[in-house]
Every structure is written in structure tokens, then in C-alpha cells.
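K.L.:
Next come the chains, spelled out residue by residue.
Number of protein chains: 2
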Amino acid sequence: MATAGKLYSGLPDGSLAEETFTTLLSRPGVRIERIVSTGQSSPTGFWYDQTEGEWVLLLAGGALLHIEGEAEPRALQPGDWLDLPPHCRHRVAWTDPDRPTIWLAVHYGME
Amino acid sequence: MATAGKLYSGLPDGSLAEETFTTLLSRPGVRIERIVSTGQSSPTGFWYDQTEGEWVLLLAGGALLHIEGEAEPRALQPGDWLDLPPHCRHRVAWTDPDRPTIWLAVHYGME
Chain W
8 MATAGKLYSG LPDGSLAEET FTTLLSRPGV RIERIVSTGQ SSPTGFWYDQ
58 TEGEWVLLLA GGALLHIEGE AEPRALQPGD WLDLPPHCRH RVAWTDPDRP
108 TIWLAVHYGM E
Chain X
8 MATAGKLYSG LPDGSLAEET FTTLLSRPGV RIERIVSTGQ SSPTGFWYDQ
58 TEGEWVLLLA GGALLHIEGE AEPRALQPGD WLDLPPHCRH RVAWTDPDRP
108 TIWLAVHYGM E
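Residue numbers (our numbering), protein chains in the order written: chain W, 8 to 118; chain X, 8 to 118.
Think of the hints as simulated: they come from the structure by calculation, not from any bench.
Even for Gly, the Cβ is constructed at its ideal location relative to N, Cα and C.
Treat the hints with care, since some could be wrong.
As the list claims (entries may be wrong) - Computed, partial: chain W to chain X, Cβ under 10 angstroms: (1) L32; (2) L83; (3) L111.
Claimed, not checked - Label pairs and their computed distance ranges (CB to CB): (4) W:T51 to X:A78: 54 to 64 angstroms; (5) W:E77 to X:R96: 40 to 50 angstroms; (6) X:E77 to W:F53: 42 to 52 angstroms.
Input sequences plus hints: build the corresponding full structure.
P.N.:
Spelled out as C-alpha cells, the structure:
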């Protein structure tokens, strides 16, 4: 049976205190997730350090994503994708506070 | 090392004879691909019957996707996603001839 959905439906109406995470598919070794940010960023000094890989695509809005060791955060616009291998330490330095930033994340390589 | 790219770059300029397929990530058990259609559809009577699962997201353009056993093809617009489990027989009945139709496909569950 084919499951289906609409990625741009059910968006938060205005800013929320927290990012929202919606799992769209979960199968052995792969998980696809929609993330909606409304101005959130990672806490100062916090770095994600994940045991699994994460391929992310920015679909709407805008973000600054900082990878440890790089001089400046990368500015992401709609259509920009990035593969973050396991233990590629990174943080979200900024997301647009004026409109929803929609990410598609494909997590892979988990046990 | 983080690899990166732009999903909406390098689009065909006008219609092409064939769909274009670009692998964006290939890891054990998962492969992420961009597919660009410019009016192509599956041959009459042809059904995809895949041993792996395929999660597809339509990002631009428009398509009609027919799943075997369903009375009518499903009309897909930007933001629509669909999970096609292994052996879910399907065909692309139509893609928009007037603008590129961009799909993101996540293949999973391969050996």
C-alpha cells in the first residue's frame, strides 16, 4: 500500500517555541523526516555529533549551517542540499525568523 | 567532509528526449537521486516493479502517477510525496510538457 502526504501542509501558523519534527518514513537503515524551523538555532556552543549520516535539503526559508572547522557558516537557500556524514559536527547558526524554514532530512546508516 | 549541491541547478534547457537521473548520495541501503522529466511518461502498458522501496517527492512541475489497482492516476503537485514499497507496481502516466518536473527519489531496502 502506497502511503502519501503533502510536505507543505500542516505548517505552523506563526512562530513556535520549538522546531517541529515529523517522520515521513521509517524503515531499517533509513528515516525520512520533515523539520520546520521558525527562527530557532542551536544553543551557543552546542554541536550536533551524530552516529548516523544525515542528508538534508532545504525546501523553504533560509538557514545558516556551521560545520566545525569551517571559517564561516554556510548560507542555505531553497534547493540547497548537504550531506553530513556520521560525526560531522555541525550546528544551525540561524534560521529565518520571518517565515517557516522547511528541511527534508534523510537519516541513514543507523544500526 | 560534507558534500553539497543545488537541486535546482543544471536543469535541462527545454525538453529533452530522455529523463535525466542524478545520484546525489549513495550509501549502503540508501540512494538519493534527482530525476528531471520534461514531458516523458512510462510506455503504454509498462509498470515499474522494483525489489527496493522508493520514496518520491515532487518538487516542481506536475505528474500523474498510476498505481496498479487504483482506478485513476494520482495527480502530484509540488510538495506531494509518496512511498512506493517494494513491488508496488506503478507507472508515470504523464509529466508536464511545458516545464521541468523535478523529483527527489530515496531508494531504500536494497541488498
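K.L.:
Could you run down the list of hints and mark each one as holding or not?
P.N.:
How the hints compare with the structure:
Because the beta carbon of L32 of chain W sits about 5 angstroms from the nearest beta carbon in chain X, less than 10 angstroms, this interface hint is met. The criterion of a C-beta within 10 angstroms of any C-beta in chain X is met by L83 of chain W, whose closest approach is roughly 9 angstroms, and the hint holds. Because the smallest distance between the Cβ of L111 of chain W and any Cβ of chain X comes to about 7 angstroms, under 10 angstroms, the interface hint for this residue holds. A C-beta distance of roughly 55 angstroms is found between T51 of chain W and A78 of chain X, which places it inside the suggested range of 54 to 64 angstroms.
The supplied range of 40 to 50 angstroms is met by E77 of chain W and R96 of chain X, whose beta-carbon atoms lie about 45 angstroms from each other. At roughly 46 angstroms, the beta carbons of E77 of chain X and F53 of chain W sit within the given window of 42 to 52 angstroms.
Of the numbered hints stated above, none is contradicted by the structure.
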